[in-house]
Amino acid sequence: MSAQDLLVIENLVKRYDGLLATDDLSLTVREGELHAIIGPNGAGKTTLIKQLTGEIPSDNGRVTFAGKNIKRLSEADRSHIGLARSFQITSLFQDFTVLENVCLAVQAHSGHSFRFWKKINNDTALTDPARDILRQMGLEERAETATAALSHGEQRQLEIAVALATKPKLLLLDEPMAGMSREDSEKLVERLIELKQHYSILLIEHDMDAVFSLADRISVLVYGQAIATGTPDDIRNNEEVRQAYLGEEA
Amino acid sequence: MNLSPRLLINAALLIFLAVLPFLTDWAGDSFYTGLVARILILAIAALSLNLLIGYGGMVSFGHAAFIGVGAYVVGIGAFHAFEDGIDWMLNGYIQLVIALLGSAFIALIIGAISLRTRGVYFIMITMAFSQMLYFTAVGVETYGADDGLSIYSRSDMLGLIDLNDEKSLYYLIFVSLLVVLYLMHRLVGSAFGNVIRGSKSNEARMRAIGFSPYKYRLTAFVIAGAIAGYAGFLMANLNDFVSPDVMHWTRSGDLIIMILLGGMASLFGPLYGALAFLMLEEILSSIPLTIGGLRVGEYWQLIFGPLLILIVLYARNGVDSFLPGARKNT
Chain A
1 MSAQDLLVIE
11 NLVKRYDGLL
21 ATDDLSLTVR
31 EGELHAIIGP
41 NGAGKTTLIK
51 QLTGEIPSDN
61 GRVTFAGKNI
71 KRLSEADRSH
81 IGLARSFQIT
91 SLFQDFTVLE
101 NVCLAVQAHS
111 GHSFRFWKKI
121 NNDTALTDPA
131 RDILRQMGLE
141 ERAETATAAL
151 SHGEQRQLEI
161 AVALATKPKL
171 LLLDEPMAGM
181 SREDSEKLVE
191 RLIELKQHYS
201 ILLIEHDMDA
211 VFSLADRISV
221 LVYGQAIATG
231 TPDDIRNNEE
241 VRQAYLGEEA
Chain B
251 MNLSPRLLIN
261 AALLIFLAVL
271 PFLTDWAGDS
281 FYTGLVARIL
291 ILAIAALSLN
301 LLIGYGGMVS
311 FGHAAFIGVG
321 AYVVGIGAFH
331 AFEDGIDWML
341 NGYIQLVIAL
351 LGSAFIALII
361 GAISLRTRGV
371 YFIMITMAFS
381 QMLYFTAVGV
391 ETYGADDGLS
401 IYSRSDMLGL
411 IDLNDEKSLY
421 YLIFVSLLVV
431 LYLMHRLVGS
441 AFGNVIRGSK
451 SNEARMRAIG
461 FSPYKYRLTA
471 FVIAGAIAGY
481 AGFLMANLND
491 FVSPDVMHWT
501 RSGDLIIMIL
511 LGGMASLFGP
521 LYGALAFLML
531 EEILSSIPLT
541 IGGLRVGEYW
551 QLIFGPLLIL
561 IVLYARNGVD
571 SFLPGARKNT
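Each protein sequence line maps, in turn, to chains A and B.
Count the first sequence with the numbering used here and you get residues 1 to 250, in order.
Count the second sequence with the numbering used here and you get residues 251 to 580, in order.
Bound conformation, chain B alone (with noise of 0.2 Å):
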């Protein structure tokens, strides 16, 4: 195998997230753990989404909606279990079918109709839909409608994994990346890769050749929208709660974002983002200044945008395009 400086440098970011735990342990300062666990969430999620917007050129901007459905199966399992003591409800493998299988399904229907449209009607379409599943959660009473929903037992996954223990939870979410990683990597240089990059590329040719790409994108939102939904279910475990505003529409945005600041169509490159956009969050909001009576990090936005702007002009494939090897744009 050809060891390439860029594959050197994400083999060393994926061995820092791996010791990260023993690192904060060693600086008895375990909140980075948990901050960095929710971008290897959310770096899940853009990894997933990145099938669609930068392999498969869907630009879908509902995905955060999948993620909601996998933390309120976990939220609404852990209500139940507290509530009216159904303990199956609080099992973690019941739970996870449940989110893959209910996510996926949701993605049926929602890419079913989404993809009979192209360009900003799919992106308004897929907006609509995650906003319907966002005030359907705010509608709900019983669920804490938009207050949320608090877990008071994450899953119980039987003995094999203890998620209450952060370190575990660490791990879990580590190598749910590293797998998700891998799918990604098969599943892009695979037959049905070669069709989705195709009709990203080029539908109409693809249909001259004797292509259908509407079975293979339908396909492709599914699988994105599992994935997401999966975590949804690691990120209700993570926070304890769930509340409608994980499926807001600004949310989507986020995660589009992200795919931007590490780069479309690299394999890495929603993980880069993930942890350039939540760094970022961290460090801008963070900062001390304060410019006549008003504190510059609660504005961090009007930093993060100009930033972005920059990003999206000058590097066209964000982080991407500062690793070493990177594909340069004609």
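For reference, chain A alone in the conformation it holds in the complex (with noise of 0.2 Å):
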């Protein structure tokens, strides 16, 4: 393992009733790259960042994050080192405001909760950052506004404003153009290429265009197995790639 591995997987395996989802999986996403990771639904893509998060236990293998083993780690804990994911089906809270959805993983960063008496909306050393962060998504505007009345493009920008709000070392970012219409996706990437500079990403994402235009590296992930990783100009050219999964469409 080199000194800029962010994440280094090494043997990973989930099973579920005989079916291996993650079928002996190593992977490793470097210091500062957009590592996208692509394959057919029921590849195991999902399953992949449930166990990075420790969501759902791995049945083996070892998964190193900023050098240390986590294992043992909780979902929170995780969160706690710099590993933060946005979800594929949108995962917010709903009945909160824009505001206070980022806010609360502000605050979830910002030592225990266990302070019963102070009001809490309007605390500058949650709203300012979390303001910055809403800025940073181009939802300033819609601070104040309902999570349920945002439209489905609004609610997917805020999902990653939420992960951005933990001060992540590493964003997975789990198809984050999920359902949005051509137009939104293409203000995302650009969004995405601006993140870049400043997160390391671990990217999910069936947009094919989307992909080939911001990852560093790419993994082909089918039936649990990662059967290429390169830049994005390798995977084109991969015999066994094409065959497996992008067929025409490269």
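Just so you know, not all the hints are guaranteed correct.
Unchecked claim - Footprint (simulated), chain B over chain A, 3 or more residues, beta carbon under 8 Å:
1) 17–24
2) 69–77
3) 162–173
As the list claims (entries may be wrong) - Computed list of lysine-lysine pairs in PhoX-like fashion (alpha-carbon distance at most 25 Å, straight line):
4) Lys196(A) <-> Lys167(A)
5) Lys465(B) <-> Lys71(A)
6) Lys167(A) <-> Lys187(A)
7) Lys119(A) <-> Lys417(B)
8) Lys465(B) <-> Lys167(A)
9) Lys187(A) <-> Lys68(A)
10) Lys71(A) <-> Lys169(A)
11) Lys187(A) <-> Lys71(A)
12) Lys465(B) <-> Lys118(A)
13) Lys187(A) <-> Lys118(A)
14) Lys169(A) <-> Lys187(A)
15) Lys167(A) <-> Lys119(A)
Hints in this document: simulated from the structure, not taken from any laboratory.
Nothing here was measured: the structure is a model prediction, and the numbers come from that model.
For each residue, glycine too, the CB sits at the ideal point set by N, CA and C.
Join the two chains, each given in its own frame, into one complex according to the hints.
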């Protein structure tokens, strides 16, 4: 493992009733890179994210993040060492405002919350960083809006904003463009190009245009195994990948 | 400060409650002071339960158990002071501390186990725990078993306030309600309250952004338990009597109905709910109409039931949804 390896996955296994969702998978995300994972439906992409965040336990293998074995860390602990995920199916606090959603994530990383008395809704220690993030994601105009009233595209932006508010070292983005219009996707790609400058990112995405324009490296996942890893050009020209997945699209 | 119509209605209600004993004096009928005192005690308990249900999404079906704990502390204290001459057991402050710590401790144990479950399991397990306490009380012959325990002397507050004076007791209850309302207001708006509300809204995301909801939920459970224990302390003093019945699971159900009637996740909801519940009980059960030799009032729940169904179906936030400035459910 070299110094610039941020996340090292070694021989990771997840078994569901005999089905291998993650099959002896090894993968590395380098510091500062945007590493995309592509693969057909059921390839085990979301399962991998869940194993990384600790939502589901792994049956075998080893995950090292920032030089530390994270096997015994809870989901919350993993958030505190800098792992953050966004959700494929939007998972927000629907009855909170946009700003409150982001504030809650900032609050999670501002010490314990056993503070019972002081009002929190205009605590600038939370709202200032939260507004910065909303600006970054182009949602500053919508800060006071109820989350449920946002458009789908805006909810997808907020989905990422909430993840950003946890000050991550590595962003795990699970299909951020899911269900987005062409136009919204293009805008999001531009934002992700911006975010790339500041964060290491593991991106799962079906939108091939987005993947090939964003990724520094791409891994192709099929039946829980990485059949190839390389630069976008390597992947485009890889015969095995073409057969297994890309088909006519590439 | 912005005086919204809703705020004015709430303030008017509190002012009415503040002057009620004088109104009933003037009307020459103190029955209603006692009734309203009982309502306010149940409102305090419902307020504490609403922290769990309305704000935290934890549908605890055993909250009356904590009222029982507080009430039995007063009952048992008075019993030993009366039977064995142990005077300190009548000391209201000692009773209060034991009632609060006792109910908090029992809430800690029940919560620590129950909060590992979700949904229907949580409802059932909290109910099971409260029934265990209920049957314990039924089984203890010394303290009257299922006949209950008459309280021959109310808590001795050492001259600071005389609980034997009905008006003093009423004002203790009323001020307690104000304190609990303010406490809930602060709690819900605090960092802690934010975690409790967030955990109701989306627990998976709470974990993903770095919270461990369990310890916060357990803390809320203990706070709610202690406040209900305090309500029990007041209740025993008001009724001069305590029996296992206060802990029965149907009493816990009543508290939930009050919250539904008044409106979940609104500060004043449980107070309106408690008022509506007991007023309806009072009014419906005194309907003089007789049909086929049956007095309708005796079967007031036959009317109350459908009414509750209508409210749940058409006014999701109960009384709260009729007040100006109500949040619309989408």
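Quick rundown of the hints versus the structure:
| no. | hint | in the structure |
| --- | --- | --- |
| 1 | 17–24 | violated (count 0) |
| 2 | 69–77 | holds (count 3) |
| 3 | 162–173 | holds (count 4) |
| 4 | Lys196(A) <-> Lys167(A) | holds (14 Å) |
| 5 | Lys465(B) <-> Lys71(A) | holds (22 Å) |
| 6 | Lys167(A) <-> Lys187(A) | holds (23 Å) |
| 7 | Lys119(A) <-> Lys417(B) | violated (35 Å) |
| 8 | Lys465(B) <-> Lys167(A) | holds (23 Å) |
| 9 | Lys187(A) <-> Lys68(A) | violated (35 Å) |
| 10 | Lys71(A) <-> Lys169(A) | holds (18 Å) |
| 11 | Lys187(A) <-> Lys71(A) | violated (37 Å) |
| 12 | Lys465(B) <-> Lys118(A) | holds (19 Å) |
| 13 | Lys187(A) <-> Lys118(A) | violated (39 Å) |
| 14 | Lys169(A) <-> Lys187(A) | holds (23 Å) |
| 15 | Lys167(A) <-> Lys119(A) | holds (23 Å) |
When the structure is compared with the earlier hints, violations turn up for hints 1, 7, 9, 11, 13 and for no others.
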